[in-house]
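Student: In case you want the letters, here they are:
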Amino acid sequence: MSEEKHHIVSYRTHAFVLLALLVLTGISVAITQLEMGPMNTLAAMIIAGIKAAIVLAWFMHLKFESRFFAFMVSAVVVVFLLVLLVTFFDYSYR
Amino acid sequence: MNSGASTFVEGVDNAFIFILGISFFFLIGITLVMILFLYRYNKKKHPKAVQNAGSTKLEIIWTVIPLALVMGMFYYGYVGWKPMKRIPSEGVEITANARMWSFSFRYDNGRVTDKLYVPKDTAVILTLNAVDVIHSLYIPAFRVKEDMVPGLANNRLWFEATKLGSYSLFCTEYCGLQHSYMHTEVVVMEPEEFWTWYADTTGVALPVEEGADLALLGRQIVESKGCLACHSLDGSTIIGPTFKGAWGSNVPVITQGQQREVLFDYDYVRRSIYEPDYDIHQGYRPGQMFSYEGEISEQQIELIVEFLKSLNE
Amino acid sequence: MTVHRDDLGDKMGMWLFIFTELLLFGMLFVVYAVYRSMHPEAFKLGGDELDVVMGTINTIILLISSMTVAMSISAMQKGNKKLALTLLTITLIIAVVFLVNKYFEWGAKFEYGFNPGAPELLELGPGTILFFGLYFIMTGIHALHIIIGIALFIYVFWQIRKDKIHQTDYVWLENTGLYWHLVDLIWIFLFPLFYLIH
Amino acid sequence: MSEANNAHNVSYLEYKGQYKGLFAWIFSTDHKRIGLLYLYTMLLFFSVAAILGLLMKTQLIAPGYTIMGPQTYNSLFTLHGIIMIFIIVVPGLPAVFGNFFLPIMIGAKDVAFPKLNLLSWWFYIIGILIVLTSQFMGDGPPDTGWTFYAPYSFRTPTNVLPAVFGAFVMGFSSILTGINFVVTIHRMRAPGMTWFKMPLFPWTLYGTAWIQILATPVIGITLLLIIAERLMGIGIFDPALGGDPILYQHLFWIYSHPAVYIMILPGMGAISEIIPVFSRKTIFGYKAIVLSTMAIAFVGYFVWGHHMFTSGMSGRALYAFSFLTFLVAIPSAIKVFNWVSTMHRGSLHMQTPFYWAVSFIFVFMIGGLTGLVLGSLATNVHVHDTHFVVAHFHFIVFGGTGYAFMAALHYWFPKMFGRMYDMNWANLGWGIFFIGFNTLYLPMFYLGIMGMPRRYYDYLPDFHGGNIVSSLGAWVMVSGIVIIFANLIRSARHGEKTSDKNPWGGKTLEWQVDTPPTLENFEEIPTIVKGPYDYED
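Quick mapping for you: the protein sequence lines, in order, are chains A, B, C and D.
Numbering follows the numbering used here, with no gaps: position 24 of the first sequence is 27.
Numbering follows the numbering used here, with no gaps: position 215 of the second sequence is 803.
Numbering follows the numbering used here, with no gaps: position 97 of the third sequence is 119.
Numbering follows the numbering used here, with no gaps: position 266 of the fourth sequence is 267.
Treat the hints with care, since some could be wrong.
Calculated pairs, SDA-like style, for lysine to any residue (alpha carbon to alpha carbon, straight line, at most 25 Å) [as the list claims (entries may be wrong)]:
1. D:K288 with A:V20
2. B:K631 with D:K17
3. B:K633 with D:F299
4. B:K813 with B:K751
5. B:K632 with B:M622
6. D:K17 with D:P517
7. B:K631 with D:W426
8. D:K288 with A:F71
9. B:K703 with B:W785
10. B:K633 with D:K288
11. C:K124 with A:G52
12. D:K502 with B:Q876
13. B:K813 with D:A241
14. C:K131 with A:G52
15. C:K33 with A:Q36
Here are the computed distance ranges between Cβ atoms for each label pair [stated by the list, open to error]:
16. B:D855 with C:H220: 48 to 54 Å
17. C:I176 with A:E38: 42 to 48 Å
18. D:M351 with B:I648: 28 to 34 Å
19. D:R491 with C:Q189: 55 to 61 Å
20. C:I170 with A:R70: 28 to 34 Å
21. D:P527 with B:K631: 27 to 33 Å
22. B:D855 with D:I126: 52 to 58 Å
23. D:S48 with B:S643: 42 to 48 Å
24. C:I176 with B:Y872: 55 to 61 Å
25. D:M295 with B:I616: 26 to 32 Å
Calculated directly from the structure, the hints in this document are not laboratory data.
Quick reminder that beta carbons are idealized off the backbone N, C-alpha and C, glycines included.
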C-alpha cells in the first residue's frame, strides 16, 4: 500500500521544533536551580512531558499519521500511569 | 474445616460459606443444565438446530446478577478481614523471628522460645522479622497469615486465641531446602498459667546440671537452631562445610579478600556464629549464613563447642 | 511468492515494538518513583554528585541528533540521497560523542566508588545505594539502546548507498528514525530525574 | 515454478522450498510450518514436565522420604514451573494454533512479518536451550520456584542465572509474536471481513497479543534486575542494601497476572470456535464475547496485587486489588453463560473435540469459582500459599488452557495433517484423563483449606489422606495423556488420509480451504459477506 500520500515535513519546521526543545531544556535546567521543594520535580516533569509530546508529534510524525497511532500511544501512556497509580496504592499507605 | 480457635474464625468462615455456597449453586446448576442439553439436543433427538444469535436482555441479566453476587463476596471478604488489620493498642507483644529454617519468638522480658506460647482470650501482637529471605507465618486454626519480609519495618500481625490447646504454625513462603520442615506450634494457655510461665525467666539462662551430658545439650541446640540443614555430620557438603572432624583442624579461609588459615577453635566457632561473613571458608559462598547474635547465647556456644569436640571421638 | 509490501503495517509493527520499550523503561521509572518516595533526601544528595553540565550537553546533542534524523527522512522523501546520507553521518557522530561523554561520566563515578558493590558506596546508606544502582542500570540500558541505534544507522546508511532504500521505499529509515526518537524520549525523562534534582 | 511445486496446489507439508529435510522446517517462514514447529517442541517439553509432576506427586504419596530428597524435589518443581509456564502455556495456543490458523481464518496468505515469525521461534528455542543449561552447569539446578522471588533468588547458591536469562530471551519470542498478530489482524483481513465479522479465535488472539506487547517487557526488565542483582549486587531488591523485596513481587505480578490471561484467552477463543460448530448453531452473544474478551485484557492488567494479599502490602492496596479482582470475574462468567446458551436448542454432535470443550467448561468453572475464594480478602488470608492455590491454578491453567489446547488439537488435527485420528481411542483417552485430572486436583482444595502449605516436600501426617488420593489421580491422569498422545502421534504418521475440506461442518474460512492447506492457503483471497458462524440455511 505504498501509494498512500506521505506528508513531508519541511527542514524549517524541524529546525523550529529543535529550537523549542532546546529552549524547554534551558528552562528546565534553570527552573530546577531554584529552591522550590517538591515543585521542582513537578515543573521538571511537566516540561519533560511537553518535550516528549513535541518529539512524538513532529519528529515521530504522529501529527501526520492516522489518528489510530496517536490513540495507541495515548492508551499506552494511560496504562503506564494507571500501573504507577495502582502501585502507589501500596507505597503511599504503608 | 479444621477447628477454629481465634476471634477471626467466624468472619473468615462466613465468607467461606457465602462464597462456596454461591459457587456450588452455580457449578451444580450449570453442569446439570449442560448435561440436560447434551441429552435433549443430541443430534439424534434434535437433528435441526434452532438459530438464535443472542439476546441483549439476557446478557444484561447475567452481567448484573453475578456483579451483585461478587460485590456481596467482596463485602463478606472485607468484613472478615477488616479486624485483622485493626491492631489493638494493648496486648502481649512478641517479636517473631524467622530464618532459614526455624522460627524463634522473643518476649518482652527477654525470653526466647522455639514454640509460640500465648494466653487465651488476650490480644497477642506479633512483630514479624525475617533475617535472610521472605518467610511467612501461618496458623491455619487461627486463620492468620502474613509474610515475614526482611527489611520491612513495623510488619505486624495480631490474633486472639479462644481455645486452649496447641496448633500447627507453618512457614508458607517457599524459603529453600528445608522449607517444608519449617514449622512449629502455638500453645494456647490459660492467662494465669501463661503469666506464671512468662515470669519464669530461669529459662533465659540454661540450667546445666552437674554431670549432664554437655555434648548432648549442644547437639539439641544445633538441632533446634536448624544448623544441620546446611552443615552435615557425615562429611558431605550441603550448603556449608561439614562439622565432621572440623574441630581442631586448620581451615582455609578468605578474610577480607586475604587467603589464610585459621584454627577451628572456640574463637573461630564464636565468630562464625556471630559474624558468619568475616571468615569465608574457601570454596563456599558468602551471604549464605546470617548472624545468630541475640539468638544463640555465649553459654549456648560453649555447649555447641562441646558437641563439636565430641564429633572427633 | 508475491512480495508483500505494507509500509503502514511495518510502521505499526515498529510502534508496537516502541511500546514494549516504553513499558520496559516505564517499569524502571516505577522503581525509581517508589525508592525516591522512600528516600527523598538521599536521592537529592545523589543528584548533586552528577554533573549537570555534562548531562545538559548530552541532552542538547541528543536533541540535535533527533532533528538530523527527522530531516534525513524529509530529505529522503524529497529524493535528496546525498543530504540524507550527510544528515545520517552527523547523527552517527553525535551518537558516538554521547557514548564518549557517558564513558567519562561513568569513569568518574567509578573513581569515586559510586559503582554497585563498591565499599565506599556501601557506607553511604540504602538511599544512595539505590540511587546509584538505578543510575547505572537506567543510563546503562539507555546506552545499550544507543549502541543498537548506531548499528541500525550503519545498516541503513549502507542500504541507502546501495539504493536499497530510496525515495519510494524508505520504511527502514523511518523505523530506525522512530527507534532513535524513542532513545531521545527516554533521555528526556532520565535527564531531569537524575541530574536536575536538588 | 514447476507445476508440481505450485504454491496454489501443493500441500504445505509437501512443498519443496530452498532447503531440504529438517532445514525445510527450521528455516521455513511459512506460518503453518512454524505452528507445527511450536507444536512439536511443546509436546516434547510437556511430556518432560508432566513426568516431573508425576515424580513430585509420587514423592508426596507418603510423608517423609519416598523417592527423592528435598533438594531434588525443590529443583523439580522449579523446572516443572518454568517449563510449563514459559515454554508451554504462555506461548501455547497463540504460537501453535494462532500461527497456523490466524492467517487462514482472516483470509490472509501469511502473517504480516513471516521472517520475524521464524525469528520468534528461534528466540524460543534459544531461550529453552539456555534454561536447560541451568540443569547441567554450575552449582546445581535452580531451586527458586518459577517465580524467582527476591531475595531467595539471589541468595541461593544454585544455578539461577541461566534459568532467568532463558526466560528473558523467551520474552522476545512472545513480544514478536504479539506484534506480528496485531499487525496481521489490523492490516491483512480479507476484503469484507469487518472487525465484527471476524471469528472469535482471532479476536481472543488480538486481545492476547496486546497483553503480550504491553506486559512482557515488564517481566523482561524484572528478570534483568534479578540478573544485575546476582552479578553486581545493585541492591534494587536486596533488603540488606535497602531494596524492597515486595517491589519485586509487584513487578513480577504486573506481568505474571496478565500472563494468566495470555494463557486463558486464546483457550476461550478456541472453545468459542468449537461449541457453535458441534452445535450447528451460531454462537450466542457474539458481541458480548468480544467485549468480555477485551474487558478481561484491559482490567486484567490492574489486578496483579491479589497474588500479594499476605505480602505485607498496605491495607488500602489490598481492598483496591480485591475489588478489581471481583470485577474481572464477570467477563469470564458472561462467556460461560454464552457457551451454554449456544448449546441450547442446537443439534449437538458428540465427537471428541466437543467432549473436550464441554469438560473445559466444567473444569474452568471450578477454577473460576475457586478464584472467587482467592479474590476475597478474608478467605485469601487463610488459603494463600497453600495447596488450595495450587489446585486453583492447575484448574485454570491446565483445566482451562490445557483442555482448550487438547480440544483445539482434536478439532484442527485433520486440517493440519490431512489425516484423521482414531475417535474411539481419543474418547477413551479423554475419559481417563478427565477422571484422573479431577482425582488429582480436587483433593488439593481440601488439603489447602485444611492448611497444607504449597511447595512442601514433606508434610504432617494429618494431610496424608488427601495426598494419597491426589497422587493416585496423577497416575491415572498420566495414563490418559499417554493414550491421547500415542493416538495422535500414530495418526499424524499413519492415520487414515483425508482430503475432506470440512469434516466437522465448520463455517469459518479454514474449513473452506484444502486439507491440508496449500502453501499460500487461498488460490484467491475470498470476499467476506457473512458473519463467522452463519448456520442459517
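Student: Each hint needs a verdict: does it hold in this structure or not?
Tutor: Hint check results:
1. D:K288 with A:V20: violated, 45 Å
2. B:K631 with D:K17: violated, 43 Å
3. B:K633 with D:F299: violated, 42 Å
4. B:K813 with B:K751: violated, 29 Å
5. B:K632 with B:M622: holds, 17 Å
6. D:K17 with D:P517: Holds, at about 15 Å.
7. B:K631 with D:W426: Since the Cα atoms of B:K631 and D:W426 sit roughly 22 Å apart, the hinted pair holds (cutoff 25 Å).
8. D:K288 with A:F71: holds, 22 Å
9. B:K703 with B:W785: The hint holds at about 13 Å.
10. B:K633 with D:K288: violated, 30 Å
11. C:K124 with A:G52: holds, 24 Å
12. D:K502 with B:Q876: violated, 63 Å
13. B:K813 with D:A241: holds, 22 Å
14. C:K131 with A:G52: violated, 29 Å
15. C:K33 with A:Q36: violated, 40 Å
16. B:D855 with C:H220: 48 to 54 Å: holds, 50 Å
17. C:I176 with A:E38: 42 to 48 Å: holds, 46 Å
18. D:M351 with B:I648: 28 to 34 Å: holds, 32 Å
19. D:R491 with C:Q189: 55 to 61 Å: holds, 58 Å
20. C:I170 with A:R70: 28 to 34 Å: holds, 30 Å
21. D:P527 with B:K631: 27 to 33 Å: With a Cβ separation near 29 Å, D:P527 and B:K631 satisfy 27 to 33 Å, so the hint holds.
22. B:D855 with D:I126: 52 to 58 Å: holds, 55 Å
23. D:S48 with B:S643: 42 to 48 Å: holds, 44 Å
24. C:I176 with B:Y872: 55 to 61 Å: This hint is violated: roughly 47 Å between Cβ atoms.
25. D:M295 with B:I616: 26 to 32 Å: holds, 31 Å
Hints 1, 2, 3, 4, 10, 12, 14, 15, 24, counting from the list given before, are not met by this structure.
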